[in-house]
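Trainee: In order, the protein sequences belong to chains A and B.
Going by this note's numbering, the letters in the first sequence line up with residues 154 to 497, in that order.
Going by this note's numbering, the letters in the second sequence line up with residues 13 to 282, in that order.
Treat the hints as calculated values from the structure; they're not laboratory data.
Hints should not be assumed to be uniformly reliable.
Stated by the list, open to error - On the chain A side, residues computed to face chain B include the following (Cβ under 10 Å):
(1) 335
(2) 338
(3) 393
(4) 439
As the list claims (entries may be wrong) - Lysine-lysine pairs mimicking DSS-like chemistry, simulated, CA-CA at most 27 Å apart:
(5) B:40 to B:87
(6) A:378 to B:40
(7) A:401 to A:378
(8) B:87 to B:69
(9) B:87 to A:401
(10) B:40 to B:69
(11) B:87 to B:26
(12) B:69 to A:378
(13) B:69 to B:26
Note that this is a predicted model, so its numbers are computed, not measured.
Even for Gly, the Cβ is constructed at its ideal location relative to N, Cα and C.
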Amino acid sequence: MTKKNGSRRALLLLLAFITVVVLTASIRYGAINFSTTEITRALASLLPGHPEPTLDQRIFLELRFPRAILCLLVGASLGVGGTLMQALFRNPIVEPGLVGTSSGAAFGSALFFVLGGAIHSSTSLWSLPIAAAIGGVVSTYLVFLLARSREDGRASIVMLLLTGLAVNALFMSAIGFLSYIARDPQARSITFWSLGTLSGASWNAVAIVAISTILGCAIAVRYAKQLNALMIGEEEATYLGVNVNRLKWIILSVNVVIVAVATAFTGVISFVGLVVPHILRMIGGSENRFLLVGSALTGATLLTLADLLARLVVRPAELPIGIVTSAVGVPVFIFLLRRRQYVF
Amino acid sequence: MLTASNITFRVGNKPLLSEVSLSFTPGKLNLIIGPNGAGKSTLIKVLARLLHPQIGKVEYEGTDISRTVEAELAKRRAVLSQAVEVAFPLTVREVVMMGRYPHFGGRPAPTDQSIVDEVMGLFDVSAFGDRAYQTLSGGERQRVNFARVLAQLWRKGSDGHSGAVSSDTAFFCRYLLLDEPLTFLDIRHQIDFMNKVRAFANSPDVVTVGVVHDLNLAARFADQIVLLNDGRVVATGAPIEVLTRERIGAVFGIEPVIVSVESDIHLIFN
Chain A
154 MTKKNGSRRA LLLLLAFITV VVLTASIRYG AINFSTTEIT RALASLLPGH
204 PEPTLDQRIF LELRFPRAIL CLLVGASLGV GGTLMQALFR NPIVEPGLVG
254 TSSGAAFGSA LFFVLGGAIH SSTSLWSLPI AAAIGGVVST YLVFLLARSR
304 EDGRASIVML LLTGLAVNAL FMSAIGFLSY IARDPQARSI TFWSLGTLSG
354 ASWNAVAIVA ISTILGCAIA VRYAKQLNAL MIGEEEATYL GVNVNRLKWI
404 ILSVNVVIVA VATAFTGVIS FVGLVVPHIL RMIGGSENRF LLVGSALTGA
454 TLLTLADLLA RLVVRPAELP IGIVTSAVGV PVFIFLLRRR QYVF
Chain B
13 MLTASNITFR VGNKPLLSEV SLSFTPGKLN LIIGPNGAGK STLIKVLARL
63 LHPQIGKVEY EGTDISRTVE AELAKRRAVL SQAVEVAFPL TVREVVMMGR
113 YPHFGGRPAP TDQSIVDEVM GLFDVSAFGD RAYQTLSGGE RQRVNFARVL
163 AQLWRKGSDG HSGAVSSDTA FFCRYLLLDE PLTFLDIRHQ IDFMNKVRAF
213 ANSPDVVTVG VVHDLNLAAR FADQIVLLND GRVVATGAPI EVLTRERIGA
263 VFGIEPVIVS VESDIHLIFN
């Protein structure tokens, strides 16, 4: 055990190191490449007494840098969300959007794209994220409401899972309908957003996502031991002193908040939340404290890599990041599964 | 001391337990028998506070357990279930360590580590501590789970009194509940299991209540037998008092021949 704990700690340090390396690459390369000296100068220009930033430096400070940080945070949120949901549902094929959160957020934003123009609302910077967040929370609430048993008011895990699938399907078809009736530019926006994009990154977005991510991760890690106990079943966890019902609500709430907030700023990014916990389980086992910290780091790294790829492949244009995560994630995932190094 | 008073537990309108009153004293092995659907597992779950009866109460040392906090109860009460499925790859040692979860906050203390070593030795599972639980056979899994459950109740120094851990709880006694623990075991392991349960149950501060199917095992190992049928207690007492030909015939629908060998009784079904 002590040996294992030691090697897990070493693994986490390695993952943190990789995250830093990938982050550095991500802020350096893109439509414009920045050298280390330029980056240092740009950062120095923020300090009092230094020359005003040049145009390139401002591109770095106002676009590239916040985008890289947002990417890191969203990746961490999705990774942690995936680990939480898989632990809670005791099921390795679950992803954070399962209880309707991301499809609801996507629907909220689609509705905004279609109706926002029609009602000539004041389309401020915040309207889209707010519409998405409302959609995410409402659809998740709908799933809980429908999954609740009539007898004792509790939502069983199986009911949540199946209701989540149904509500997701409902919202996806609603999005399909909206893009069908939408005029061309709106339809393009819906498509682009359903595939995920980090191009709207700003320091405001970073601040809000940072709060939810950091808070969410901190709460999640506190419940790691209880989630471990849940691995041997709800009844057994109860016998080990876990208030399972309370644990369910806390974990689901954390997941809804971090996923809805992340989705609200970046759109739907698939596969990160599903693949990340798998990769970690294969290299370091299923202990949830390790998994949670590890999936925050790995999620951040993978999404940053995906974003880098999305920016470089069709430079100076860019791909929706969701396409990259799926295109890279699916084959990797299937390869890992087929190696069958571990049993379900 | 564990007492159940006037327990009635219903699902919908169907009563699974009706007016069950029982008491179990420490240092004794109490075994519940009865036909399928008699309410044996339900009774164990009610005694463990997993299920809450509509009428009646369960008390540990005079304290109504419906008023206790789950985390406190878990320091003194452990339950061995029929079959435990693990959702993700876990090593045997990680599973056994879960038994110590109620006793430490963040990370296991050295005491927890050494208790895990001790119980793993007791159940001959030390050799595959690093193996994945999923790769074990049914019998091996059950041994691992028994080790986990005993780790939950273990006190350093096995006579039960020296160096008690987590003495900050409301209860003095330890409560071991067994829900058909022998399901996946071959005959040798069944006997071996029952011997270990017997030895643990002998501690003067351990209250043990278990469900078994095999009437002969019950007759051989129990101090007190509870015969359950249709959610009601039919008889309770020493094996020789409870296990009569007529009563077994009436409850199970098949009459045994009862033979006494030395002080033991044996049931033969033709």
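Trainee: Now look at each hint and say whether the structure bears it out.
Mentor: Hints, one by one, checked against the model:
1. 335: Result: violated, 42 Å to nearest chain B Cβ.
2. 338: violated (46 Å)
3. 393: holds (5 Å)
4. 439: Hint holds; residue 439 of chain A Cβ to chain B Cβ min 4 Å, cut 10 Å.
5. B:40 to B:87: Judged against 27 Å, a Cα distance of about 20 Å means the pair holds.
6. A:378 to B:40: violated (34 Å)
7. A:401 to A:378: With a Cα-Cα distance of about 14 Å, the restraint between residue 401 of chain A and residue 378 of chain A holds, given a limit of 27 Å.
8. B:87 to B:69: holds (20 Å)
9. B:87 to A:401: Holds - the C-alpha atoms of residue 401 of chain A and residue 87 of chain B are around 22 Å apart, at most 27 Å.
10. B:40 to B:69: Holds, because 22 Å separates the two Cα atoms, which is no more than 27 Å.
11. B:87 to B:26: With a Cα-Cα distance of about 33 Å, the restraint between residue 87 of chain B and residue 26 of chain B is violated, given a limit of 27 Å.
12. B:69 to A:378: violated (31 Å)
13. B:69 to B:26: At roughly 19 Å apart (the allowed maximum being 27 Å), residue 26 of chain B and residue 69 of chain B satisfy the hint.
Violation of the numbered hints given earlier is confined to hints 1, 2, 6, 11, 12; the remaining hints are satisfied by the structure.
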